[in-house]
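So the chains spell out like this:
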Amino acid sequence: MNAPHGAVGQSVRRLEGRAKVTGRAPYVHTLRLPGMLHAKVFRSTVAHARIRSVNTAAARALPGVHRVLIGEDIRAVMPDPHYGPAFHDQPVLALDKVRYFGEPVALVLAEDPHVAEEAAALIVADYEELTPVYDEVEAMDSKAVVHEVLRPAGTFPDLKHLQGKRDTNIALDYSLRRGDPDAAFAAADHVFEHRFRTQQVLHLPLEPFVSAAVPGEGTLTIHTASQSPSFVRIEIARLLGWPENRVRVQVPYLGGGFGAKLYIKVEAMVAAAALIVGRPVKVSLTMEEQFFTLTKHAATLRIRSAVTREGRVTARECEVWWNGGAYADIGPRITQKSGFTAPGPYDIEHVRIDSYALYTNLPPAGALRGFGIPQLVWAYESHTDMIARELGIDPVEMRRRNVLREGRPQATGTLMRDAAIEQVLERTAQRMNWSAPFDRGSGSVRRGRGIAIGFKASVSPTTSVAIVNIYADGSCALYCSTVDMGQGSDTAMAQIVAEVLGIDIERITVVHPDTDVTPYDMATLGSRSTFHMGNAVRAAAEEARGKLIALAQEVGVSVETAPIGEIFRRKYGMQAGNVVGSGSFVPAYTPTDHHTGQSDNVTPFWMIGATGVEVEVDTETGQVTVARLVNVGDAGRAINPAIVETQLSGAAIMQLGFTMTEKMQFRDGQCVNPSLADYRIPGILDIPAVIDNELVDATQSSGPFGAKGVGESGTFGVSPAIASAIEDAVGVRLTSLPITAEAVLRALRERQGRPLQAE
Amino acid sequence: MSTMKTLHFTLNGEAVIAQAPPHWNLVELLQNRFSLFGARESCGQGLCGCCTVLVDGQAVSGCLSLAARVDGADVRTIEAVEPTDDGLDDVQRAFIESGAFQCGFCTPGFVLMTRQLLDEHPQPSDDEIRHYLSGNLCRCAAYPEIVAAVRLAARGRAAQDR
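Residue numbers (our numbering), protein chains in the order written: chain A, 1324 to 2082; chain B, 200 to 361.
Chain B extracted, bound-state conformation (with noise of 0.2 Å):
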C-alpha cells in the first residue's frame, strides 16, 4: 500500500537496515523485521511502559515513536545481551532474586527503566524509585517487589563498584 522507507540504524549494538512503511510505530518495526517481542504494545498510549525502547540512551514509549525516527538512532531493547556470565545484569537478577513480576508482560520495561534510574541515580530514595517508575504500569500491582528488587540492584551495582 504505502511506499517503504528504509531505515539505517544500530539495533542492540549491531548496525542493521530495514524497510518500513511510514506509518509503522517502533514496536512494529521491532516485532515485524526483526522478531524483537520484548517491547509490547498495550494501551497503545504511551501511558502504560510495556512498550519501552531506549533511542540514543534515552526511554521511549514504543507505540508512540514512529519508526522511521529511528533512522540514524542507536536504539536498544531488552535483549540486549548483556556482558555477564550467565547473560543477566543486576536489575534482571534482582528482580528474580525479588520476586519482582508476575505474569511477566509489564516486565521488561520496568528492568529498562530501573536500569537508566539507577545510571542516573545509583542509590535512589523510595521516593526518587516511585515516581522513575510511575510511568510504568503492573496490573499484577508486583510493585512492593519491584521497589525491593531496585533497591536490591542498586546494592548490587554498588558492591561491584567498590
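Extracted from the complex, chain A is given alone in its bound form (with noise of 0.2 Å):
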C-alpha cells in the first residue's frame, strides 16, 4: 500500500484552506436565525459592592425593546443560575452582590442590536460599595472578602476540602514537598532568591465572544464559538436540571480561541434568555467586551534556591500566588496542573511548592495559551539566570548542569519520559551559535543575547473520543469534538485516518462539533488534542479498518487489492451502507498526594519548549528591538511539520505582546485601556526580522504515530529570554512584565544614579 495522500508526516495544506481565503469559512458571528433576538449586556461600574437595585423601567420602555433581564429572572429557567468548572461561583447575571467592574448585571433583548444598546444605556443599579481587593498577595490575608463562601464544583477531588469555607479568598492552596530543603538550605554554598511580577494580560482573540441559543420542543441548540462543546452542553443541561440528550451544542470554526473560549462565557445568559422569552437569542460581544469577560493570570511569583559554588541546584523554594479575578473560572487546575512544574527542568533534590489561587475584585482570568506556564517560567528561567550571573557561569552551561534527563523523577516524583529537555537546550543554543563571538553593538545601540526553557505536564486525566465512518464509495467522515480554532486540527486528525485507512485526505471529512452527532470530547485545550483526540482517532479508524477486513473476507476480495467500493457493493448489491469504527482514549493517571504533591504518573506527556533572543537595546530611549527569535521544541514526530511550526512561531509572537507591550491597566478596578488603540498586540512591524523554528528530533512513544501537542509550547522561553538578553547588552535586569521603552530606561537612569521621576 502507497502512502495515501496527507499521510502523517506530511505537510499538506490544510483542509479548510479554500474556506478562509475566500471568506466563506462559517463562524457563529455569520449566523442568522428566524425570529432571533439580539442581546446587549448591561454591566458593572464598581468593583465590589452589594446591589441595592436595579431600575430597567427606562430600558423597557425604549420602543423595539422585547425584554431586559436580571439576576433573579434567571431563576425562572435555572433555579441555581451558579455556574464554572471548579467552583459553582459564577452567576448567569449578578444577583445580590457585583465582585468586577464589567461584570454582567442585565440584559437587553431587541430585534435591532442598536435598540438593545441603546436601552442598556438607559438602565441604572444603584450599588452600596465594598471595600475592594485587586492585589493578589494582599487577598491571601484581606479584610475584603469576595465570595462570603466557597462553592467547589464537585468535579476535582483536590477542591472538595474547600466545600463551605467561609471569609477567605484562596480558591486553592496547592502543596508540594520533596526531600529536605531546610537542610539542604542551611548547608548550601549559596542562598539566591528573587520575587518576580507578571501583569494581567487577554486573549484577545479577533472574533469576540459569541454564541446563539434557539429554543425548540422541551430542547435547546447553542451555536457557540467555543473550545468545549461537550462542557458546554453538561453544563447547562446540569444549570437547567436536564438531561444531555436535550442539549445540543454545535461549534463550527472559532476566530481565534487561546483558551477564552472554554467552558462557560456567554452561553448560559443566552440559553436562559431564550427559554424564558421563547425565541431565539443571540449575544455577540464587542471587542471591548472581552476586556471584561476574562483574561491570563498576573502573578507574583517568589523562589529561592540553595546552589553549589559549581553552580548544581541542590534546593528551591517556590511561592507562587495567582491574581484569579473575581470568579475561580478554571485558575485552580492552573494553580495546580501548572504549579507542580514551578522549578523548572531541572533535577533538583530538595523542593518545597506553595501555589495559590486568589479570587480578587479583578476580571476573571483563566486558561491562556500555556495554562500558567509561562509566567513559571519568567521566574524560574530569569532566576536561573540571575544565578549564572552572579557565579559567573555560563547561561547555558549553567542550565545544562541541572537539566532534568530522561528516566530522572520531576519534582513530583514522576520520572521523565520521552522529554527532550536536553536536546531542545542544545539545539537552540547552536542555532544560537552560542559559543561564537556575538556583536555586542556599539554607542547608544548595544546588542545582547538570552536563552531560555521551559516545560509543560499536560492536563490530566481527560477523555476524548472518536468515530470514523467509511462511506460505500470509500470516502469517509471522521466525527470529533475537537474545535479546529486555527490549530489546524481538522487536518490533522484527517492525516491520521489517511494513515489508517490508506485514503487519500481529500477523501476525508472532519465533523464539526455537534453534540448530538460528535461524541464526546474534554475540550480543545492545553495542546491536548493532537495526543488525545489524535490516539481515539487512531483507534476508531483502527477498529474501522479491521471492520472493513473483515467485510473484505466475507464478500471473498482482499482488502490490499479491490478499491473500498467494490466491496460495499459486494455485500449490499448497490452503493449503500456504511463501516463505522469508534476509539476512546483516557490516560493513566495518579493524583498528586494532598500533603506532598506527589504522584508516580502526574501527566501523560510533557512539552518542551526553548527561545533564544538577539536583542538591540537604545540606551537613549530604552526601545528594545528583538531582532532575532528562535523557537525550539519537542512536539515528538509531528503530524504536520508545517502546521507545528506556524505553532511555534505563532506562539512565541503572541507571547512577545505578552512580554513586551501588553498590559490591561487599572484604575480603582476599571480597566481603562479596552479597545485596540489602548491595549497594543503584535502587528507585522512588531515581528523579528529573523525568525527560526525547529523541532527537534523526537518521538512520543504513547502518542498516535509518535505524535504529541505543541501549541504553547513556543510561549514558554520568551519572556525571561528576552529579559536575559537585555541584562546581556546594557546590565540592567527587569522582573516585572511588561518590558516597555519606559521600563527598560528607568531601569538603565536608575543605575546610572539619576533616576526619572516616578509615575
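If you're looking for bench data, these hints aren't it; they were derived computationally from the structure.
There could be a bad hint or two in this list.
Stated by the list, open to error - Cut-off 25 Å, straight-line C-alpha distance, at most; resulting in silico cross-link-like pairs (SDA-like, lysine to any residue):
#1 A:K1986 <-> B:K204
#2 B:K204 <-> A:H1437
#3 A:K1986 <-> B:G245
#4 A:K1870 <-> A:H1918
#5 B:K204 <-> A:R1355
#6 B:K204 <-> A:L1385
#7 A:K1986 <-> A:S2059
#8 A:K1986 <-> B:Q244
Since each chain sits alone in its own frame, please combine them into the complex, following the hints.
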C-alpha cells in the first residue's frame, strides 16, 4: 500500500484553506436565525458592591425592546444560576453582589441590536460599595472577601476540602514537598532569592465571544464559538436540570480561542434568555467587552534556591500567588497542574512549592496559551540567569549542569519519559551560535542575547472519543468534538485517518463539533488534542479498518487489492451501507498526594519549548528591538510539520506581545484601556527580522504515530530570554512584565544614579 | 425606528439597490442585506483590518464607513468571484500554499490588502510588504507566513505577465 496523500508526517495544506481565503468559512458570527433577538449586556460600574436595586423601567419603555432580564429572572429556568468548571461561583447575571467592574448585571433583548444597546445605556443600578481587593498577595489575608462562602463544583477531588469555607479568598492552596529543603538550604554554598511579577493580559481573539441559543420543544440548541462543546452541553443541562440529550451544542470554526472560549462564557445567558422568551437569542460581545470577560492571571512569584559553588541547584522553594479575579474559572487547575512545575525543568533533590489561587475584584482569569507556564518560566528562567551571572557561569552551561534528564524524577516524583529537554536546550544554543563571538553593538545601540527553556505537563486525566464512518464509495467522515480554532486540528486528525485507512485526505470529511452527532471530548485546550484525540481517532480508524477487512473476507476479496467501493457493492449489491469504527482514549494517571504533591504518574506527556533571542537596546530611549527569535520545541514526531512550525512561531509572537507591550491598566478596578487603540497587540511591524523554528528529532512513544501537542510550547521561554538578553546588552535586570521602553529606560537611569521621576 | 435610506451601488460587479437605516455601517449593510460575511467587525475602531472592503478601488474599514456613503459607489468584497478556473486568485492561492492563516478571521482583510499592494507595487520589498499590511492584525500571528505568501503571489503574478 503506497502512502496516501496526506498521510502522517506530510506537510499537506489545510483542509479549510479555500473556505478561509474566500471569506466563506462559517463562524457563529455569521449565523442569522429566523425570529432572532439580539442581547446586549448591562455591566457593573463598580468593582465590589452589594446591589441595592437595578432600575430597568426606562430600558423596558424604549420602543423595540422585547425584554429586560436581571439576575433573579434567570431563576425561572435555572433555579441555581451559578456556573463554573472548578467552583459554582459565577452567576449568569449578578444576583446580590457585583464582584468586578464590567460584570454582567442585566440583559436587554431586542430585534435590533442598536435598540438593545441604547436600552442597556438607560439602565441604572444602585450599589452599596464594599472594600475591594485587587492585589493577589494582599488577597491572602485581606479583610475584603470576594465570596462569602466557597462552593467547589465537585469535579476535582483536591477542591473538596474547600467546600463551605468562609471568609477566605484562597480558592486553592496547592503544596508540594520533596526531600528536606531546610537542611539543603542550611548546608548551601550560596542562597539566592528573587521575586517576580507578571501583569494581567488577555487573549483577544479577533472574533469576540459570540453565542446563540434556539429553544425547541423541550430542547435547546446552542451555537457557540466554544473550545469546549461537550462541557457546554453538560453544564447547561446541569443548570437547567435536564438530561444531556436535550441540549445540543454546535460549533463551526472559531476566529481564535487561545483558552478564552472555554467552559461557560456567554452560553448560559443566551440559553436562559432564549428559554424565558421562547425565541432564538444571540449575543455578540464587542472587542471592549472581551476585556470584561476573561483574562490571563497576573502573578507574583517568589523563588529561592540553594546552589553549590559549581552551580548545582540542590534545593528550591517556590511561592506563587495567582490573581484569579472575581470568579475562579479554571484558575485552581492552573494553580495545581502548572504549579507543580514551578521549579523548572531541573533536577533538584529538595523542593518546596506553595501555589495559591486567589479571588480578587478584577475581571476573572483563566486558561491562556500556556496555562500558567509562561508566568512560571518567567520566574525560574530569570532566576537561573541571575544565579549564573552571580556565579560567573555561562547561562547555557548553568542549565546543562542542572537539566532534568530522561528517567530522572521531576518534583512530583514522576520519572521523565520522552521529554527532550537536553536536546531542545542544545539545539537552541546551536542555532544561536552560542559559543561563537557575538557583536555587542556600539554607541547608544547595544546588543545582547538570552536563552530560556520551559516545560509543561499535559492536563490529566481527560477523555476523547472519536468515530470514523466509511461510506460505500470509499470516502469517509471523521466525527470528533475537537474544535479547529486555527491550530489545524481538522487537517491533523484527517491525516491520522488517511494514514490508518490508506485513503487520500481529500476523501475525508471532518464533521465539526455537534453534541448530537460528534462524541464527547473534554475540550480543545492545553495542547491536548493531537495526543488525546489523535489516539482516539487512530483507535476509531483502526476499528473501522478491522471491520472493513472482515467485510472483505466475508465477500471474498482482499482489502489490499479491492477498491473499498467494490467491497460494499459485493455486500449490499449497490453503493450502500457504512462501516463505522469508534475509539476512545483516557490516559492512566495517579492523583497528586494532598500533603506532599507527589505522584508516580502525573501526566501522560511533557511539552518542551525553548527560546533564544538577540536584542538591540537603545540606551537613550530604552527601546528594545528583538532582532532574532529562535523557537525550538519537542512535538514528538509531527503529524504535519509545516502546521507545527506555525504553531511554534505563532505562540512565540503572541508571548512577545505579552512580554513587550500588552498590559491591562486598572484604575479603581476598572480596566481603562479596553480597546485595540490602547492595548497594543503585535502587528506585522513588531515581528523580529529573523525567526527560526525547529522541532527536535523526538518521539512520544505513547502518542499517535509518535506525536504530541505543541500549541503552547513556543510561549514558554520568550519573556525570560528577552529579559536576559537586555541584561546581557545593558546590564539592567527587569523582573516585572511588560518590558516597555519606559521600564527599560527607568532601570537604565536608576543604574546611572539619575532616576526618572516616579509615575 | 429611523428612516430608511435607499442606496444604489455596484456590489462585486452587479448593480444593486438596498434599504438601510442611516446609522448602519458598511459591514452591517453587507451582512444584513446581502449575506456577505467576509468583511467582519472585530475591533470596531478601524485598527484590525478584519472589515476591509474596497470602495471605488480603495480599501476602507467597513466598521468605520457609513453604509449611506456607498450610494453610487463601486463596492467589492472578498466574495467577488475571480475569473480563474478554480475561483481563486494568485493571492488566495499563495495564502493557502504558504499556510498564511490560522483561524482565518482576519484573512479576507489580508487578502484584499495584498491584492491592492501588488497592484501598486508588483515586486514589493519585505519592508514595503510589512508597512503596507501594518493596518491588519492577526492574533494567531501568522505574519511570517503572510510575508512569504505575498512574495509567492508576487512571483505568481510576474510569471503570468511574462
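Right, here's what the structure says about each hint:
1. Between K1986 (chain A) and K204 (chain B) the CA atoms are separated by roughly 43 Å; this puts the pair beyond 25 Å, and the hint is violated.
2. For the suggested pair K204 (chain B) and H1437 (chain A), the alpha carbons sit about 17 Å apart, so the restraint of at most 25 Å is met.
3. Only pairs whose Cα atoms come within 25 Å are accepted, and K1986 (chain A) paired with G245 (chain B) is accepted, the gap being roughly 21 Å.
4. Taken as a hint, the K1870 (chain A) and H1918 (chain A) pair is broken in the structure, with Cα atoms around 49 Å apart against an allowance of 25 Å.
5. Taking the CA atoms of K204 (chain B) and R1355 (chain A), the gap is near 23 Å; set against the 25 Å cutoff, the hint holds.
6. With a C-alpha separation of about 23 Å, the suggested pairing of K204 (chain B) with L1385 (chain A) holds against the 25 Å cut-off.
7. The hinted pair formed by K1986 (chain A) and S2059 (chain A) meets the criterion: a straight-line CA distance of about 11 Å does not exceed 25 Å.
8. With a CA separation close to 19 Å, the supplied pair K1986 (chain A) and Q244 (chain B) stays within the 25 Å bound.
Hint check: violations occur at hints 1 and 4; the rest are consistent with the structure.
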